Amino acid sequence: MFFKRSWWVFLFVALCYLLYSQGMQKKVFTYRELKFRFDHLSHYRQLALQEREDLFLQVQSQHDPAWIEMALMKSLGLVPEGETKIYFKSLEN
496 MFFKRSWWVF LFVALCYLLY SQGMQKKVFT YRELKFRFDH LSHYRQLALQ
546 EREDLFLQVQ SQHDPAWIEM ALMKSLGLVP EGETKIYFKS LEN
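Counting in my numbering, the sequence shown runs without a single skipped number right up to 588 at its last residue.
Heads up, some of the hints might be wrong.
[Unchecked claim] Cβ-Cβ distance ranges computed for the label pairs, FRET-style:
# : residue 1 : residue 2 : range
1 : T579      : E546      : 43 to 49 angstroms
2 : F533      : M568      : 38 to 44 angstroms
3 : R547      : A509      : 53 to 59 angstroms
4 : F507      : L542      : 48 to 54 angstroms
5 : L544      : M519      : 48 to 54 angstroms
6 : Y515      : H535      : 44 to 50 angstroms
Calculated directly from the structure, the hints in this document are not laboratory data. Just so we're clear, the structure is a prediction, and the values are computed from it rather than from any experiment. Every residue, glycine too, gets a C-beta built ideally from N, C-alpha and C.
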């Protein structure tokens with residue numbers, strides 16, 4: 496007799512449980528998505544910090560003659576005095 500009179504209470508509790516479980520699933524999905532985005536941004540931040548450090552070291556070492564010589568050798572293909580530049584020719588030609 497108790498169950499006949501209070502069926503709406505059980506229905507209300509079941510509805511609340513369904514809404515709660517759906518909300519928890521949404522929360523877990525949102526958490527995973529935000530965690531993925533956070534990890535992705537952390538990776539890019541680490542790469543940017545490495546590049547910043549490299550650029551900072553390059554700017555600091557621009558007054559060093561050895562660095563200037565290395566930069567000229569690398570970018571322009573120059574060779575220091577007293578050294579010989581060697582070209583390798585492929586055998587296919």
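Structure-based check of all given hints:
{"no.": "1", "hint": "T579 - E546: 43 to 49 angstroms", "result": "violated, 35 angstroms"}
{"no.": "2", "hint": "F533 - M568: 38 to 44 angstroms", "result": "holds, 42 angstroms"}
{"no.": "3", "hint": "R547 - A509: 53 to 59 angstroms", "result": "holds, 56 angstroms"}
{"no.": "4", "hint": "F507 - L542: 48 to 54 angstroms", "result": "holds, 53 angstroms"}
{"no.": "5", "hint": "L544 - M519: 48 to 54 angstroms", "result": "violated, 37 angstroms"}
{"no.": "6", "hint": "Y515 - H535: 44 to 50 angstroms", "result": "violated, 31 angstroms"}
This entry does not satisfy hints 1, 5, 6, going by the numbered hints stated previously.
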